[in-house]
Amino acid sequence: MTKEVIILIAEDDLGHARLIEKNLQRAGLSNTIELFENGQEILDFLLCRGNRQRSAEATYLLLLDIRMPQVDGIEVLRQIRQFPELRKLPVCMLTTTDDPREVGCCHELGCNNYIVKPVDYDKFADAIRQLGLFISLVEIPDLKPKS
Amino acid sequence: MRRVKERMTTHLQETDIDSVQELKALKAAIDEHSIVAITDPQGRITYVNDKFCSISKYPREELLGQNHRIINSGCHPKEFFKDMWATISKGQIWRNEIKNKAKDGSFYWVHTTIVPFKNSQGEIYQYVSIRTDITERKKAEEDLAEKNKELETIVYVASHDLRSPLVNIQGFSNELVQSCKELRLKLGGDDFQSLSPEIRTLLNQDIPEAIKFILSGVSKIDTLLSGLLRFSRLGRAALRSEKLNMNEMLDTIVKSTEFQIKQNGVTVKVDNLPPCLGDNVQINQVFSNLLSNALKYLHPNRKGNITVLGQVVENRSVYEVIDNGIGVSPAHQAKIFEIFHRLNPAQTEGEGLGLTIAQRVLERQNGKIWIESIPGEGSRFFVCLPHIS
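So the sequences go chain by chain: A and B. The opening position of the first sequence corresponds to residue 27 in this note's numbering, with each subsequent residue numbered one higher. The opening position of the second sequence corresponds to residue 894 in this note's numbering, with each subsequent residue numbered one higher.
Only chain B is shown next, with the shape it has when bound in the complex (with noise of 0.2 Å):
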């Protein structure tokens, strides 16, 4: 019996080793990857690796009982840590993005994930934060953004600008036609059988038929510049992220096309949509787009079926336009949002923006926009965004 419980011991130890062993290979990983910080309840650094050291240039005598508020950049609003000490403190894991101060007054980004630790009687007593410099992944975000900007900045001054001339070669256009009509006044009317046939081909034909390609044209520069203008006025205007009714915004949108249902016979439906978060206007523009392109394809057959759903899928909200049109074949499915691109420009009005607008608009509100379809079945266009409660 006694030798029985001396090996047991011997096992339970040998175990205790092997996991101690693994524990410190871990640790030992985890030290060549990370920024590892460990707080008291109050927040006082009670340890730091070498990399929290070398990425914040304190030394860690610098660093020890000390508030992490030592490496605050004061990039953040209040509210931001706020939330971060109300989420840890109720006993619960933060995650965010977070971009502190070096000790030489440089700025350095970090993700971080704060775990609290409870006691046996379910009292915090340390914080463990993990870190993960992405320092450059943010610049080059930022790098990112500036560029982006500055694409924008050009197409609005440039369609700005080139809409100035266009203006003249309208205007003038116009005045020919004015002039031309006079003309004809003064020699007489229509028929003019008074002068060569020369000058008649000229009069009847070949300057109204100038003219008339001259203006067709400018009014098409006009229809794409004004287009571009909308597209790039969309990174300019400021957004106002808000908790939306789906319901009501979609009851608005179906009823402002009801005109346009009716005439084509066809029948929506709307299911109960869970909320979500983003800018009323931009997300009223996407969804007004997906129904007026499931009523403009529709398919010539059949009598047409729109119906939108809503579900939340992971602290998402995915919505569903779905529609039984004439499809998208798969080979165009990613051309779709391409600017200007469109599916049947000689049968279908519109400048080839809307789906390039709405995938714009979800990517600056944190969402997505994409499509399954079957040719001739119809299209599911999925449109997800941040859900609130």
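Okay, chain A solo, but in the shape it has when bound (with noise of 0.2 Å):
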């Protein structure tokens, strides 16, 4: 069995988060989207603290900028790495440049993808495909031990 995953998006510029939603549309992904303005919106979210709270059965993908104002995407990757739950949670991190001291700080701190803005959509769509695909085989509960 598939669950359907739910697309978290941590975007402080409306306009890219719009892009990011009728793109994926677009591109014939009809999953949930969900936006977050900021970097502490999103983690208060995924370690349930405030009044909007990640639900336990769902199925996330987040889609987090890297330069937002307070808390940014780096620092929000660190924190909820840390997390036992959440360390499975599959990051796709967006930024402006390719900065390879970003890109591979990220990496360090386990991003599963990169993206650079402007975005090829198709291509988007795709690593998201993938990244769900990824997740609905990991999700399968009941594996048997081998005996």
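Some clues are possibly wrong.
[Stated by the list, open to error] Partial chain A-side listing against chain B, Cβ under 8 Å, derived:
(1) Gly41
(2) His42
(3) Leu45
(4) Arg104
(5) Thr123
(6) Lys143
(7) Pro144
[What the hints assert, rightly or not] With a straight-line Cα cutoff of 30 Å, these simulated BS3-like cross-link-like pairs (lysine-lysine) come out:
(8) Lys149(A) x Lys1074(B)
(9) Lys1136(B) x Lys971(B)
(10) Lys971(B) x Lys48(A)
(11) Lys1074(B) x Lys48(A)
(12) Lys975(B) x Lys1031(B)
(13) Lys149(A) x Lys975(B)
[Claimed, not checked] Partial list, computed: chain B residues near chain A (C-beta under 8 Å):
(14) Arg1056
(15) Gln1063
(16) Ser1066
(17) Pro1168
Honestly, the hints are just simulated from the structure, not real lab data. Beta carbons are placed, not taken as given, at the ideal position from N, Cα and C, and that holds for glycine.
Using the hints, build the complex out of the two chains.
Printed below as a string of structure tokens:
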């Protein structure tokens, strides 16, 4: 069985967020999309600290902008990787530059993908489909131990 | 006979006195200009001049008999002084810039030359060091480096932040393209015979034209910004200086541009090149840019010839990239290293950064780049870097 993956977008530029949303839909992804306007909002959601909280049953995929005021994307990534239940959450970093140091840093912190804006939306949708597929594979719960 | 001998002695004494006076004059002049110290073979100070005392702020009696460690600032690695001792104890002259610490804790920079002196048995009996105060120059250099760093940060942040709104302009222009497409479909195809001519002009000409100009403007800004970003990253990148095998490097570069070389029917000849000291990635970039420029600015009326030569001149490896292309007029020769300067913006691709980057890279690695060129005949680009054997 596969569960629908909910796409979380943490992005302070509403224009960028809207473009991502529209283009993902155009590329044929009909997943539910939830928007967060800054790093603090997404952290509160994922770490269940506010009114808006994640559900334990749902499967998520996070598109995380790096440059956000206050808590930036790299800090969000660093914090969520410290929680065992969030360690497997697929995270795709969004950024406006391909600064090699930034890319290296994000990979070290355990991001699954790194996408430079402006985005090639066809490739982007493919990458997200693959991440989605990956989740549905690892989410199969009852693998019996080999006898 | 006796008188002759007497006269000779007197003469000799007179020349001796002349020499001594000359030496005294020289010493007085040197003492005016330089910081002088003499040490014994173990490095104990046996003589300091007044300038030494005034810059180090130590009275003479506190310096004599001491080691130079008394003014060590702790700013140089151990290897720095190890290298110094290895050189001078072999009887060779050592020159370098040293940061020292005065008695009151303040720092000063000196350009230092240490000359070992040997006795008739060939043993070193003293080291004379002559130093020049370069504190102000060093401070100016540090300020300049700081300012450059600041400037690079501004360029970096600005180009980074400017890309963000650009993504919106581009993205939403594309959205408009999509909306127009849908609108056309909804209105029943391309000819819209049912619509008024004004609306047809709007849909078929005005809107597409506006979007076309917006998108091409965006793409130009985007190219400029990524160029600026690349340039500002150069100053932030860590350098790793190592011995570079330039024959291997040029071989790789030529292979990677083989397609272009064949396509243009160009002959590329690479001579045996001496090694040099530099950062592999960045120096590779310099020569890739030079080769790609030579290929870009070929003469339309003759077959292209590109030659790469190299030789060692006074401890520097000097390379030449020679082409028989269109050349650069004297008026343009200084400009070609300016940021975003392009010779033929309409005819060639690129962002006008290749030579700016080359110059910046070489400046940071104690190297240099310059051009000699005759318009219509070709160009010779010279690159010089520290030699290493």
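How the hints compare with the structure:
no.: 1; hint: Gly41; in the structure: holds, 4 Å
no.: 2; hint: His42; in the structure: holds, 6 Å
no.: 3; hint: Leu45; in the structure: holds, 4 Å
no.: 4; hint: Arg104; in the structure: violated, 20 Å
no.: 5; hint: Thr123; in the structure: holds, 6 Å
no.: 6; hint: Lys143; in the structure: holds, 5 Å
no.: 7; hint: Pro144; in the structure: holds, 5 Å
no.: 8; hint: Lys149(A) x Lys1074(B); in the structure: holds, 22 Å
no.: 9; hint: Lys1136(B) x Lys971(B); in the structure: holds, 22 Å
no.: 10; hint: Lys971(B) x Lys48(A); in the structure: violated, 61 Å
no.: 11; hint: Lys1074(B) x Lys48(A); in the structure: holds, 15 Å
no.: 12; hint: Lys975(B) x Lys1031(B); in the structure: holds, 23 Å
no.: 13; hint: Lys149(A) x Lys975(B); in the structure: violated, 57 Å
no.: 14; hint: Arg1056; in the structure: holds, 4 Å
no.: 15; hint: Gln1063; in the structure: holds, 5 Å
no.: 16; hint: Ser1066; in the structure: violated, 11 Å
no.: 17; hint: Pro1168; in the structure: violated, 27 Å
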